[in-house]
Each structure stands twice: as structure tokens, then as C-alpha cells.
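Engineer: Spelled out from the first residue to the last, the chains are:
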Amino acid sequence: GAVVSQHPSWVICKSGTSVKIECRSLDFQATTMFWYRQFPKKSLMLMATSNEGSKATYEQGVEKDKFLINHASLTLSTLTVTSAHPEDSSFYICSASRTDFMNTEAFFGQGTRLTVV
Amino acid sequence: AQSVAQPEDQVNVAEGNPLTVKCTYSVSGNPYLFWYVQYPNRGLQFLLKYITGDNLVKGSYGFEAEFNKSQTSFHLKKPSALVSDSALYFCAVRATSGNTPLVFGKGTRLSVIA
Chain A
294 GAVVSQHPSW
304 VICKSGTSVK
314 IECRSLDFQA
324 TTMFWYRQFP
334 KKSLMLMATS
344 NEGSKATYEQ
354 GVEKDKFLIN
364 HASLTLSTLT
374 VTSAHPEDSS
384 FYICSASRTD
394 FMNTEAFFGQ
404 GTRLTVV
Chain B
-12 AQSVAQPEDQ
-2 VNVAEGNPLT
8 VKCTYSVSGN
18 PYLFWYVQYP
28 NRGLQFLLKY
38 ITGDNLVKGS
48 YGFEAEFNKS
58 QTSFHLKKPS
68 ALVSDSALYF
78 CAVRATSGNT
88 PLVFGKGTRL
98 SVIA
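Chains as they are written, first to last, in the numbering used here: chain A, 294 to 410; chain B, -12 to 101.
Hint data in this document are derived by calculation from the structure and do not stem from the laboratory. Glycine included, C-beta positions come from ideal geometry on N, C-alpha and C. If a hint is listed, it holds; no wrong ones were tucked in.
Pairs of lysine-lysine, PhoX-like flavour, derived with a Cα cap of 25 Å:
(1) B:Lys36 to B:Lys56
(2) A:Lys335 to A:Lys359
(3) B:Lys36 to A:Lys335
(4) A:Lys357 to A:Lys313
(5) A:Lys359 to A:Lys313
(6) A:Lys335 to A:Lys357
(7) B:Lys36 to B:Lys9
(8) A:Lys334 to B:Lys36
(9) B:Lys64 to A:Lys335
(10) B:Lys93 to B:Lys56
(11) B:Lys93 to A:Lys335
(12) B:Lys9 to A:Lys334
(13) A:Lys348 to A:Lys359
(14) A:Lys334 to B:Lys93
(15) A:Lys334 to B:Lys64
(16) A:Lys335 to B:Lys9
(17) A:Lys359 to A:Lys307
From the structure, some residues in chain B lie toward chain A, with a derived Cβ separation under 8 Å:
(18) Asn28
(19) Asn86
(20) Pro88
(21) Leu89
(22) Phe91
Just chain B, with the same shape it has in the complex:
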């Protein structure tokens, strides 16, 4: 079975500082990993994905994530946080290619303080 763990319910960071939102996963075989962001009363917006290739993945709005197979992690990072980055972030995994549902972590609320 697939699973995703986001160990932090809340992450607070000062504007301009680097941010990290943690994610670890469990899956049989090669994982397909995703990060999404959700603003209040909105659907999920895709940020980035890892399928294969370079372990460092760059995505939307200056976000990036590093796939670490030995640690089964896929932490989301941004060098300099903005107040507008404050939102709910979800890590997700899929074990197979094709049209199967994503398995989500519980989400991490990021608060960037001016």
C-alpha cells in the first residue's frame, strides 16, 4: 500500500527566509511524487512532480523539491519565502503510471510572516 507522511501540521517562516515542507513516502516500486498547494476554499494547484531523472525538481512559483530515494523523502523547498506563499501544501504519491488516484499526505499549513 502507498502512504505519505507530512510530519508537520504547521510551518512558520519569516518572509525572505528559506522554507522547507517535509514529506516522506512509502510505496512498492518506483514512486511518482507530487506537490500541490491549496488556498482557502479552492481546489488544488499543481506545483511540481518527480517521475524520473534529476533528483532536484523545479516547479511553479520558485518552488523545488529533492527526491531522496535512500531516505524516501521528497521535501518541498523555496530559497526565499513570500507572504503570498502562505497556504496548505499537500504531498502525494502514486505507485503506478496511468490513471490512478493520488494518495495524499495530511497537509502542512505554511504561514509566512512579514
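Bound conformation, chain A alone:
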């Protein structure tokens, strides 16, 4: 299967600072990537769709100014949590699908555990 790499795996930051999370497709090109947030013992909540070369599409209730998404190349999308607060602490996961195959499964990064103190 395809490989999606997410970095960092975990990060602790101070309240008010910004944190950048990277999502890379290592062996395929991904024009679209997805960012999810997972709360403890909960399912994955889609935050936004990241589109290469254009603006991200955010789900209802997700603050686009707080969660900045940049998809500058066909293999890299970044999520920046700006002015982080403790309530932003969560597990963030990205995913991508191969665009050269139809009906294919999504591949997920390892996830990033963000703790804001």
C-alpha cells in the first residue's frame, strides 16, 4: 500500500504558541489530503480538505484562522494550529488517497498527539 508520513508524532507546546504538523505522501502524489481530529475514545472528525494549489475546504464549526492548512506541493500538506490553547490538545491525523487509482482506500499518517500546556 501507499505510505503517508506525518510529523511530528507528538508535540508539547505552551499556550499561545503555534504548532505546525506535516503530512507527506511518500510514494505517490496526492492532490487532496484530509485532516482529522480525534478526541479521546471518540471517532475521527473531519476538519478540512486540503487541496494542492488552492484553499482548503473547512468543515462546519472548524475555525480556518486557527487551523491553517497549506498544500503547496503534490506530496505535502501542513496543518498549523495557531495561538494554541489547552482545548486544542488532541490527536490529529491526516490521510490521502492515490489519485491514479479509482475507488481506492485512504492511507493515514501515524497521527500527531498535541498537548498544549
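Since chain A is already given, all that's left is putting chain B on it; use the hints.
Structural biologist: Okay, now just chain B, sitting in the frame of chain A:
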């Protein structure tokens, strides 16, 4: 709108016994169905998918799932559970082909007891 229901928060099974994790879905048109497994503090690992063809789908680590259109179900099964199968399992659906996000169920925690 698409939706997935996983009616059980937790499934407990003894090692060596068969296991079933339930999933039902709602979608307009033909569904594309997936099962993923998640270990603590890790991303999701793909297990298997149903797109078309045989209703019984075989996947990774000895897992299989049966697509039942009349019951709109896609239950995950394994003939003989291992302790290492203990994890969080997600069923997901997509109504269209192409690069659209998956809609996930809430997840079922499987605990296999030695």
C-alpha cells in the same frame, strides 16, 4: 448523507474464539465500505474494503467482512481471535468514487482475553 453505525462500543472475546464487529451503513447509491484498525497513539491501518464483486472480502491479518446489501451491513469477522487483535476498529463508508473523505463509525474497542 452518508452514515455508519457501529452499535457496540466494546466487544470482548476469548483468544481462539471467533469474533464479529458489527457495522451498518446508510448511503445513497452503491457504497464503498472499509475497515480500519487503530492501535494506541497510532494512525489508522487499512484492513479491507468492499467496492464491488464478491460479498465476502478477505483482508489483512486473517480478517474478513461480508457485505450484505439487504441488511446494509458490513460486519468484520475473524475465525480465531488473537490477543494482538485487541485494538480500536473503525468502519467507514464513501458514497462516491474518487478522492472524497471517508465517513467513520464511532469505533468499536475489541478486547481479546487470553
